[in-house]
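Sequences listed follow chains A and B, in order.
Remember, the working numbering sits 1 above the position in the first sequence when you count from 1.
Remember, the working numbering sits 1217 above the position in the second sequence when you count from 1.
Because the hints were derived from the structure by calculation, they are not lab data.
Think of the CB as a built atom: it goes at the ideal place given N, C-alpha and C, for glycine as much as any other residue.
Heads up, a few of these hints could be off.
[Said to hold, decoys possible] Per the computed footprint, the stretches of chain B lying under chain A, defined by three or more beta-carbons under 8 Å from a beta-carbon of chain A, are: (1) 1230-1240; (2) 1254-1261; (3) 1265-1279; (4) 1286-1296.
[Unchecked claim] A few chain B positions that, by computed beta-carbon distances, are all more than 10 Å from chain A: (5) Ser1224; (6) Asp1243; (7) Asn1248; (8) Ser1299; (9) Asn1301; (10) Thr1320; (11) Leu1332.
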Amino acid sequence: ILNVEQSPQSLHVQEGDSTNFTCSFPSSNFYALHWYRWETAKSPEALFVMTLNGDEKKKGRISATLNTKEGYSYLYIKGSQPEDSATYLCASDNFGNEKLTFGTGTRLTIIP
Amino acid sequence: DVKVTQSSRYLVKRTGEKVFLECVQDMDHENMFWYRQDPGLGLRLIYFSYDVKMKEKGDIPEGYSVSREKKERFSLILESASTNQTSMYLCASRPRLATSTDTQYFGPGTRLTVL
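This is chain B alone, in the form it adopts within the complex (with noise of 0.2 Å):
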């Protein structure tokens, strides 16, 4: 059964700090995804990453930064959080060069409050 995993699924921060948000996938997956969702806006690409210490910026990287050690772990990082961070962010992976009929993995997604 396929799994990809966040650390957390509700979490609370204020603004200024600097926060972590973790995503593991177990599938051996190159590719892998951040995501925010706002309503009325959709799932809006943060950045990815196409292999080890690789990555490249999505639609919406202001803000944020990625690190990726692992082959099976994907980090998002917040410096200085701020109010318009609060969202629900989600974690995906891909097979790189995937055929056109493979799927992206999600996790359950993590729900950041900024006070």
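Chain A with its partners taken away, still in its complex shape (with noise of 0.2 Å):
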């Protein structure tokens, strides 16, 4: 079984401050990362699915950036609002081989 780690389990964010967390996941066979948004009583959201080393991904406040060679990837959201408290998920697809291993989520909370 893969080893994914997310770390913090989880953060407390004050309003408009801006906040990061990561994701480790193993580097041999790496084929892609995932990064899900998981609010409550909604379905996980894909947020970005990245595949290259020094890759950067960006959507509105949210980006990430991965390192394939050491195995990390952090997510970064600039200017916390509420609406981004949410469970982030990582999930790593190492082989190619279409599942995914899940790390087990920053729970954020925004505090307004």
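Please assemble the complex out of the two chains, which come individually in their own frames, going by the hints.
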């Protein structure tokens, strides 16, 4: 079983502040790294799929970077808003075998 | 608009009951997955199917079985529910031979409580 780890497990951030959290994954046989946002009572929603070392993706105030050599990805949120409150999941796709291995998630709470 | 639906949002069953969780996707995806999510443990893969009538065990298949009679439908079966199967169950689908940028699409989840 591959090990995907996320830190911190939970985070409280003041509205307007920026924040970031980490996903570490096995670097061997790396194929892709997925980020999802999971809001309460909704389906997990895809944010990014990243494949290339050094890649950076952006969606509004949220961005992510990828280091495949050392096996980590950062997710950044700039100017946090209450609607950013959610659990953020990362998942590693190793071997390209169509199964994803998920981390335990970072639960983000934005304090108004 | 892509859609993965699950038959129930909340379900309460008794120990020993047979439980069916249904999942339907309308995207013509070959791959379908069943996960359970427990606090502190993340999403763990129970079973997945890459085609009709094809299935493979995931990381925690014990106590579960699955059925894929039609491409759009993937059922998770608890033959004899036990209290340690109380959990949130999520279904997902993805194209077969996905390109590296194809994501998984998730259903809204079924929160199952076994008393």
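ask   = Taking each numbered hint in turn, which are not upheld by the structure, reported in ascending numerical order?
value = Violated: hints 1, 4, 7, 10.
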